[in-house]
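Asker: What follows is the residue order along each chain.
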Amino acid sequence: MDYGFIFQKLAEGFLTTLLIFALTLVFSLPMGLLVYFGRSSKWAPMAFLCKRDRSPGKIKCAVAEFKPISSIFRLFISILRGTPLMLQLLVVFYAPFYLFGIKLNTAWRFFALIIGFVINYSAYFAEIYRGGIESISVGQYEAAQVLGYSKAQTFVKIILPQMIKRVIPPVTNEVITLVKDTSLGFVLAYLEMFTIAKQLAAKYSNIIPLLVAGLFYFVFNYIAARGMELFEKKLSYYQ
Amino acid sequence: MSVLSMQHIKKSFGDNEVLKDISLRVEQGEVVSIIGPSGSGKSTLLRCATFLETIDAGEIAYMGQKAAWTENNSAVYVKNLKPFRKDFGLVFQNFNLFPHRTVMKNVTDAPISVLHRDPKEVRALAEELLAKMGLSEKADAYPCELSGGQQQRVSIVRALAMQPEILFFDEPTSALDPELTGEVLKVIKQLAEEHMTMVIVTHEMSFARAVSDRVIFMDGGVIVEQGRPEDVFGDTQEERTKQFLRHYER
Ligand SMILES: Nc1ncnc2c1ncn2[C@@H]1O[C@H](COP(=O)(O)OP(=O)(O)OP(=O)(O)O)[C@@H](O)[C@H]1O
Ligand SMILES: [Mg+2]
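Chains as they are written, first to last, in numbering that gives the first Met the number 0: chain Z, 0 to 238; chain B, 0 to 249.
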């Protein structure tokens, strides 16, 4: 067996893995924020039913508190967190065919993979952001309000920077999980490192390709975690 | 023209009627202290004045301009409160400085990005105010590097940098160790001597007596007694006020 060849193949696959990883983060980190906004939407179109001066019946108030946008996002988040990512990837991959009868080509595998990862991770990030934002004291909002900051200014200047610092540890966990999750590319037979390692292992009846791939993941994760640690250090100039 | 006029303010939290028809006028340069037992509605009154809470009924005006009034038994506010926010500042009990920003940035950002004042002038004003409060060396420090007393002085500077017409204080020294209380009270006293218009909620009776032009005693959501400090403290009229002040006698 030619180890140089195996290593080269895996290294190529690793670049694809890296690409999946990077694209997923680039899109899901900001998208998580949008999902958070949806999740925390206070829009309650029936609120008029339960105004202070009218007699507030119990059922009427339950209807009045119904927040459609928030509810949709909550459902969306709980489905994404409550079903296997592998299944979600397959659903995204086959959706165009089943919904619109579109014939699927190879290029679609890559997009389906990225879309599936981004949607799934943005749901997780949204919940992490929510935890970070809700842990910021109301005093920060009140101080900003009294100083005349608009809602948008308050979020961007006061809340977001503090949130970012607070969410680094849980986001690091997600990043590490993502490195490993990229191997799910194999369910769509997409040629990232794990799929290649599996093929090589089968072809040569040899476990070495899988072990080498494992080493790649481990080193990659080590570097990713170190990077996040440095970022955390950089933000440790305040408490 | 009064700087602040609050008329017939009512405010409830559920069934708990916290402010029962409170009226308060504050004139230019006047220093008003509000004292009273815990739960009497002092903070709520300040929070209504600063729009952190909405009133149920009554009228609020700054510099003769109405911000809220009553229509059909419930309060209505002007659509845009922003012009009113530059009239007042609020100093919180627990400072509420922005921890991720330096002292300088805490002080200068709102005047620059909210009031759109000239950054150079704002910075000059901030330096002047920080110097006055003995905080010149701390301009580049982060709040977590300061003592409680220093943090509270920074938050006073932050409020002053907006150049408000009136400054509210909600128990500015209650979160401080006794040895740090003095340095904050000194600064407020200095502002009083410069005739800064102020409303101060405090439990520091001797301080209230020393700096105020008027002392208001609140209990159960109403103003029980008010007047010159020498009258309220020295010639107390109401039994409830007497009872309250007895706790502070040594
Ligand atoms: N957001 C709120 N929701 C419900 N009740 C509240 C709220 N804020 C204040 N209250 C109630 O209003 C009453 C007055 O509270 P307030 O904080 O104004 O009193 P205070 O005079 O400032 O007291 P202290 O001296 O302890 O600060 C209390 O009974 C309090 O429980
Ligand atoms: Mg209070």
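Think of the hints as simulated: they come from the structure by calculation, not from any bench.
There's no promise every hint is true.
To be verified - Simulated pairs of lysine-lysine, DSS-like, Cα-Cα distance not exceeding 27 Å:
hint	chain 1	residue 1	chain 2	residue 2
1	Z	Lys156	B	Lys9
2	B	Lys65	Z	Lys156
3	B	Lys78	B	Lys131
4	Z	Lys232	B	Lys104
5	B	Lys81	B	Lys104
6	B	Lys241	B	Lys85
7	B	Lys81	B	Lys137
8	B	Lys65	Z	Lys150
9	Z	Lys41	B	Lys131
10	B	Lys188	Z	Lys150
11	B	Lys19	B	Lys9
12	Z	Lys8	Z	Lys197
13	Z	Lys66	B	Lys78
Asker: Next, verify each hint and record whether it holds.
Answerer: Hint check results:
no., hint, result
1, Lys156(Z) to Lys9(B), "violated, 34 Å"
2, Lys65(B) to Lys156(Z), "violated, 30 Å"
3, Lys78(B) to Lys131(B), "violated, 37 Å"
4, Lys232(Z) to Lys104(B), "holds, 21 Å"
5, Lys81(B) to Lys104(B), "holds, 21 Å"
6, Lys241(B) to Lys85(B), "violated, 38 Å"
7, Lys81(B) to Lys137(B), "violated, 31 Å"
8, Lys65(B) to Lys150(Z), "holds, 23 Å"
9, Lys41(Z) to Lys131(B), "violated, 44 Å"
10, Lys188(B) to Lys150(Z), "violated, 34 Å"
11, Lys19(B) to Lys9(B), "holds, 5 Å"
12, Lys8(Z) to Lys197(Z), "holds, 12 Å"
13, Lys66(Z) to Lys78(B), "holds, 24 Å"
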